[in-house]
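S.K.: Sequence:
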Amino acid sequence: MSKLKHLAVAFCQMLLFISIFLGPFIEQETLPFQYGKWHFQDNLLLIPGASFLVIGSLLLGLATHLGLDPRSPFHIFPFLPKPQVLVTTGIYRYIRHPQTLGWLLGGVGYLLVMGAKLSWILMPICLLFILIEIPYEEDLLRRRYPEYASYMKGTYRLIPCIW
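Take the sequence shown: its position 13, counting from 1, is numbered 13 in this note's numbering, and each next residue is one higher.
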């Protein structure tokens, strides 16, 4: 995938994430709270949704913290020094894309809590863009770090013990 295509995929992915989170506001033509009371989808979905949201946020925070380390190839700020060492510790010992998994879990949790139909329609499209982008990122890391190929063999891509 060329750099331009990668940027286009990343841009579309970000627009979809924003649309997913704005879905409840668009559907209700208001804020999700009105007159001091939050309007949630269903009490049965509130606990699992909040759990996914918390777990996803924690995973995203942990992965981002590791990503701030300038030695990490996963650092998120381009003005930091280029990483010199492939970091395979912490959460990266188990999965190669913990930030992405954190976003997905948090997004699903948000959808369960808020229940916007528009957001549920957009989520599979967002997942498709993620599935397109992951191999591109892995190819870049394989070219940059020769040891990444062996790291890939011993580590799940996105979902521990599954994929």
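Careful, some of the hints might be misleading.
To be verified - Only pairs whose alpha carbons sit at most 20 Å apart, straight line, appear in this in silico EDC-like list of lysine to aspartate or glutamate:
id, residue 1, residue 2
1, K153, D139
2, K117, D139
3, K117, E138
Said to hold, decoys possible - Label-pair restraints from in silico Cβ distances:
id, residue 1, residue 2, range
4, I121, L58, 22 to 32 Å
5, L44, I121, 36 to 46 Å
6, K117, V54, 45 to 55 Å
7, I55, I121, 17 to 27 Å
8, R143, I47, 21 to 31 Å
9, G90, I125, 38 to 48 Å
10, R143, L58, 40 to 50 Å
11, D139, P48, 33 to 43 Å
12, L58, Y156, 34 to 44 Å
13, P146, I125, 10 to 20 Å
14, E147, L44, 42 to 52 Å
15, E147, L45, 17 to 27 Å
Please keep in mind that the hints were generated in silico from the structure rather than gathered at the bench. Quick caveat: nothing in here was measured; it's all calculated off a predicted structure. All C-beta atoms, glycine included, are put in the ideal place defined by N, C-alpha and C.
S.K.: Among all the numbered hints in the text so far, which are the ones the structure does not match?
M.R.: 2, 3, 5, 6, 8, 9, 10, 12, 13 and 15
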